[in-house]
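Undergrad: Chain residues, written in single-letter form:
There are 2 protein chains.
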Amino acid sequence: MRGTMIYGPGDVRSETIPDPVIVDPTDAIIETSATCVCGSDLWYYRGDNEVDKPWAIGHEYVGIVREVGSAVTTVKPGQFVIGSFFASDNTCPHCLYGYQSGCEQAEPVTGCQSEAIRIPLADGTLVAAPDTPADDMLPDLLTLSDVMGTGWYAARAAGVMPGHTAVVVGDGAVGLSAVLAAKEQGADRIIVLSRHADRQAVATEFGATDIVAERGEEAVARVRELTGGIGADSIAECVGTDEAMRTALGVARQGGGVGFVGLPHGVKLSAGKLFNTHVRIQGGGAPVRDYLPDLIARVYDGDFHPGKVFDLKLPLADVAEGYRAMDERRAIKAFLTP
Amino acid sequence: MRGTMIYGPGDVRSETIPDPVIVDPTDAIIETSATCVCGSDLWYYRGDNEVDKPWAIGHEYVGIVREVGSAVTTVKPGQFVIGSFFASDNTCPHCLYGYQSGCEQAEPVTGCQSEAIRIPLADGTLVAAPDTPADDMLPDLLTLSDVMGTGWYAARAAGVMPGHTAVVVGDGAVGLSAVLAAKEQGADRIIVLSRHADRQAVATEFGATDIVAERGEEAVARVRELTGGIGADSIAECVGTDEAMRTALGVARQGGGVGFVGLPHGVKLSAGKLFNTHVRIQGGGAPVRDYLPDLIARVYDGDFHPGKVFDLKLPLADVAEGYRAMDERRAIKAFLTP
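If you read the protein sequences in the order shown, they are chains H and V. Residue numbers for the first sequence follow the numbering used here, beginning at 1 and rising by one. Residue numbers for the second sequence follow the numbering used here, beginning at 1 and rising by one.
Keep in mind that the hints are not guaranteed to be accurate.
Here are a few chain V residues that sit away from chain H, every Cβ distance over 12 angstroms (derived from the structure) [what the hints assert, rightly or not]:
#	residue
1	Asp233
2	Gly256
3	Arg280
One side only, chain V facing chain H, incomplete, derived with CB under 10 angstroms [what the hints assert, rightly or not]:
#	residue
4	Ser101
5	Gly240
6	Glu243
7	Val279
Treat the hints as calculated values from the structure; they're not laboratory data. Even for Gly, the Cβ is constructed at its ideal location relative to N, Cα and C.
So here's chain H without its partners, still in its complex pose:
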């Protein structure tokens, strides 16, 4: 089948790789309806994370179940499913507490930029949609596999509540999803840090009320000015760098919350500063599985379109162009169909 291998920085290839097979009785094999390129894939593509040997990349997916292992009971061949980028059993104490990404058996799903995918722990990882959706619903549903779920968690971890002034640091697809999440979770005012016109446009469509083009200390000063010197109630940090975290902490009001979902790269935290500002922080890989039933229902309700983050649609064979376009910021996020 056609799959996507990463060989090293800047070197992603669409090639023929072995078809996945059931390894454990809890596995399912799905035929990919759509997949995409994630900002975190770019950490490897740009050489920020090491590629020690070639591997089948991609972790976002929707598709039709082809085959299930003997222990799988909740999904069956022919069903259209959406799953988390982290496989989880959904039965351990951590899953039941709402942290499936901290599941005792958690393992990353990988090899998803392919025509078919092996999903471990299928019962705990996949959620069947009400039906097989029309093609125009695929972008919205595909985002739930990671980027929209991650934005949702960022807003939850930030503690967004109705009436809040929220700030989103980062205008990548996750940041934009966090804007939409903050809106759905009731924020009144949503300030997004963005200096790219295409991203600003999506942010505005998603509910952003203010755009701040400044960065670093100037961005902090601007947000403070916009909030009457008080600072924001809830902040989604969707980048993962030290500058982004400093900005997020800097714009928080006394007792505000910061949710951080970008994998930390060189982020430093000061206990003393947190103490002095009473800022509450929570981060981590999003427990996407926990949100899937709710988010799928929102998409089916027809008025929730997180798929607008996809501004480049390509055949799977052209995956390398998807990486290039995102790396060069010609595209926010590339949508791929086999």
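With chain H fixed as given, assemble chain V onto it according to the hints.
TA: Structure of chain V alone, referenced to chain H:
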């Protein structure tokens, strides 16, 4: 009048100092009914915080209003009042958000181990009790000025909810107060880290269900064992050292919460570890003022006795013995009356 001056490490003296006077029209002067020695006073007494010149120490107090400035409207001479160790206006956006300790005008109250005290921002800082209480209520009410309010905030910041398994790191008066707070806030199981029989006894009286005498990594292992390998829902870190924070983070379950109220001394935080564990943290100086009305009502209801943290009662003139006894861990907390 009689007051208490700290001259340097180990050198606290009861001596005659000037009577306080109204400086700003928002001030009040109170006659001290009771005051006490705080664990944070010991940072100076032990030389961990510098004493660059002699100053009038003490920040916990209850008393009778003697005089108010021309702008004070909510308390009046003759009333018995309790106030926070941090003065606040209680009208700025931070106060209205419940973070009076982050008030735009916040300033520490000091000189409280004295026969009379100047309280800045009296309207925003002091709360009048329903009446002038009997002497046997003074210990309970005095704790609300700092230690019980701080324990209350530790539990709130940790996110204690009904049914939780809570852990308290630190068996000083704040830690013990956090045990009582966790109990009042609905925790089912309360594990306290303590290796002193007298403190264990108070903790048990306050609602602790399990005592862990181990420290550091051994304490983490023991708490993990007690929680079936899962970890605790909510943790109050009431010490302020790096070891205490590592212990608190180490016993938290995926998605658990840590509230930290000990002023951080050398505490290091890892963004990566927080990310991997989904642990939520919040710290700071407690917004005691926010809790005073509720906590005063609990004391007056008759079944809430945070004053049990006082195991040494001395005349104010013997304040130096109070410091010595606490420093040598012969006493948990020293109660002083003029």
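Undergrad: Could you run down the list of hints and mark each one as holding or not?
TA: Right, here's what the structure says about each hint:
Listed as outside the interface, V:Asp233 is inconsistent with that label: its C-beta sits roughly 8 angstroms from the nearest C-beta of chain H, within the 12 angstroms cut-off. The non-interface label for V:Gly256 is inconsistent with chain H: the shortest C-beta to C-beta separation is roughly 9 angstroms, within 12 angstroms. With 12 angstroms as the threshold on Cβ separation, the claim that V:Arg280 sits away from chain H is violated: the shortest Cβ distance comes to roughly 4 angstroms. Using the Cβ-Cβ criterion of 10 angstroms, the hint placing V:Ser101 at the interface with chain H is satisfied: the shortest such distance is roughly 7 angstroms.
Given hint, V:Gly240 at the interface with chain H, holds; its Cβ is 9 angstroms from that chain's nearest Cβ, closer than 10 angstroms. Annotation: V:Glu243 was flagged as interfacial toward chain H, and the flag is violated, the nearest CB pair being 13 angstroms apart, outside 10 angstroms. With a cut of 10 angstroms, the hint placing V:Val279 at the interface with chain H holds, because the nearest CB-to-CB distance is about 7 angstroms.
Hint compliance for this structure: hints 1, 2, 3, 6 are broken, all remaining hints hold.
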